[in-house]
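Got chain V; can you put chain E on it based on the hints?
Residue numbers (our numbering), protein chains in the order written: chain V, 1 to 280; chain E, 1001 to 1209.
These are computed hints drawn from the structure, not numbers from a lab. Incorrect hints may appear among the rest.
[What the hints assert, rightly or not] Stretches of chain E that chain V covers, calculated by requiring three or more beta carbons in the stretch to come under 8 Å of a beta carbon on chain V: (1) 1046-1056; (2) 1090-1099.
[To be verified] Quick list of the computed label-pair ranges, beta carbon to beta carbon: (3) V:233 <-> E:1070: 34 to 44 Å; (4) E:1070 <-> V:221: 19 to 29 Å; (5) E:1026 <-> V:122: 54 to 64 Å; (6) E:1193 <-> V:84: 21 to 31 Å; (7) V:277 <-> E:1109: 51 to 61 Å; (8) E:1056 <-> V:62: 40 to 50 Å; (9) V:103 <-> E:1204: 37 to 47 Å; (10) E:1105 <-> V:58: 54 to 64 Å; (11) V:221 <-> E:1027: 52 to 62 Å; (12) V:220 <-> E:1095: 26 to 36 Å; (13) E:1026 <-> V:49: 42 to 52 Å.
Ideal placement from N, C-alpha and C gives every residue a C-beta, glycine not left out.
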Amino acid sequence: MTVRIEHAGITTVQDRGRVGWAHLGVPTSGAADRASHALANRLVGNSPHAAAFETSGGLIVTALRNLTLVVTGADCDAFVDDTPIRRCVATVVRAGQRVRIDRVRDGMRSYLSVGGGLLGPQLLGSQSHDTLSGIIPLLLAGGIEIGNGPHHGPTTSLDVVMTARRTARLQLQPGPHLELLSPDTRAHISRHSWVVSPLSNRIGIRLTTSSLTVSVAGELPSIPLIRGAVQLTPGGELVVMVADHPTTGGYPVIGVVDSKDVDGLVQLPPGNSVMVDSNF
Amino acid sequence: MRIVAYGREATIVDQLEFQFTESLINDVRVACHAAGASTNDIIGAARSFVVVHSTQDAATVQRVLFDFFTRRGLSDDDALPIGTTIEIPVRYDGADLDDVAHACGMSIDQVIHLHSNTEYVVEFCGFAPGFAYLRGLPPQLHLPRRASPRTQVPAGSVAIAAHYSAVYPNDSPGGWHLVGTTSLSVWDANQNPPALLQPGTAVRFTVIS
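Here chain V stands alone, though its shape is the one from the complex:
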């Protein structure tokens, strides 16, 4: 075993998720901010598919062997024992040392990759912890130990920290139900700013705005949902589907957010504003 969890905090194991099972109702899951997850793997010398920790803080692990790690994503207070870890720099940790990510700042999710990648149990071909469906190959808790794969490297360090992307303007491609909206509703969506709701999570990012009344005639048949699909709820909220989103849904899908903008959206703390750019 390579690391022992002392305190899990708000942390899950994530790789790139489960592809090919959505027709049976299985969410893709995987890293919420795919770009930051891929960067953590690339800098530590792993395949982009390798599993890493995704944390919103409170993570403490002990190295059981010498290892190399990289932290990316949201800015965070990260330490090896009492020495701060610089983000995007390959850091060597000796057996017995403690690695902590106390608090995540200026973003929502940091990624901690370990050379060789985390090697825990899989379900349906992935180690990812799916918060919607309860497909959880490994629930992190104090005392849990995880191994890693063979580490070939090479590692890379960046002089300039690559900060996680933060989306301020959502570029929407038209969605299958856009035509059901009245011109007034379409105009309202792009003229007002939207605020990230505290109810946002790994399943959906909820955006609220003032005084949007929605009228869509009748019930729609359920359609398949994809990452980035934007549902308009009867209450006038936009819900952007992210990592653990359900595979089908019955609310109108008015647009689709590009993959890179989804990466930046999941890093926005509640209360942040976004504008919606559309050619509606």
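Quick look at chain E alone, frame taken from chain V:
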């Protein structure tokens, strides 16, 4: 039928006049691969399905889908149930059985008779892993969902809502009317395939007394 872009990395085919099944999913996948486009997921829902692909394969996938459906001129006859009929033994002891009988203006025995003397077909899976929407519920039993969903519905609950029946694969919240329970497991993440009921599977409920 309509074939349109669903963002840059997916294409949706909706307003279908026939039901999409597991065997058609495989046919579409093969046709895309033959044209040099790889597909990640192909997901069916109610009279619609989505192909998830890379941005650069979008045009190829849309052309393949257009050729595939115009050439084959599919109808519901192409969506006959696959494999053998799966029998699901049900103890009709659901918490909503009384309310369902009352709302439908019939006796409990009539509800049980109607629900169990019907051949269902899995239209699609969604909501939760292995949760199959079973088409074929007799119109006399069509009811809107419960006004207030339950926070916890036990795994194995047999339920109805709108024109569907379903078996809850795991404990989960749920707004459907509970008519019975089965001990048959419909979901096991350690099996391949993990879902007993896949799109196109035929299903019949049998009464345990």
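Hint check results:
Interface restraint, the segment 1046-1056 of chain E with chain V: holds (6 residues with C-beta to C-beta distance below 8 Å; minimum three). Only residues whose beta carbon comes within less than 8 Å of a beta carbon in chain V count, and the segment 1090-1099 of chain E has 0; fewer than three means the coverage is violated. One distance hint, 34 to 44 Å for the beta-carbon pair residue 233 of chain V and residue 1070 of chain E, holds here, with the actual separation near 36 Å. The hinted range of 19 to 29 Å is satisfied by residue 1070 of chain E and residue 221 of chain V, whose Cβ atoms lie roughly 23 Å apart.
Checked against the hint of 54 to 64 Å, the C-beta distance between residue 1026 of chain E and residue 122 of chain V comes to roughly 24 Å, which is inconsistent with it. Range check, residue 1193 of chain E to residue 84 of chain V: Cβ separation about 48 Å, and the 21 to 31 Å hint is violated. About 59 Å separates the C-beta atoms of residue 277 of chain V and residue 1109 of chain E, a value consistent with the hinted range of 51 to 61 Å. Against the hinted window of 40 to 50 Å, the Cβ-Cβ separation of residue 1056 of chain E and residue 62 of chain V comes to about 44 Å, which satisfies the hint.
The hinted range of 37 to 47 Å is not satisfied by residue 103 of chain V and residue 1204 of chain E, whose Cβ atoms lie roughly 56 Å apart. Under the hint 54 to 64 Å, the C-beta atoms of residue 1105 of chain E and residue 58 of chain V, about 56 Å apart, fit the expected range. Residue 221 of chain V and residue 1027 of chain E have their C-beta atoms about 22 Å apart, which leaves the hinted 52 to 62 Å range violated. Distance hint check: the CB atoms of residue 220 of chain V and residue 1095 of chain E are about 29 Å apart, consistent with the given range 26 to 36 Å.
The hinted window of 42 to 52 Å between residue 1026 of chain E and residue 49 of chain V is violated, with their beta carbons roughly 25 Å apart.
Checked against the numbered hints given earlier, the structure breaks hints 2, 5, 6, 9, 11, 13 and satisfies all the rest.
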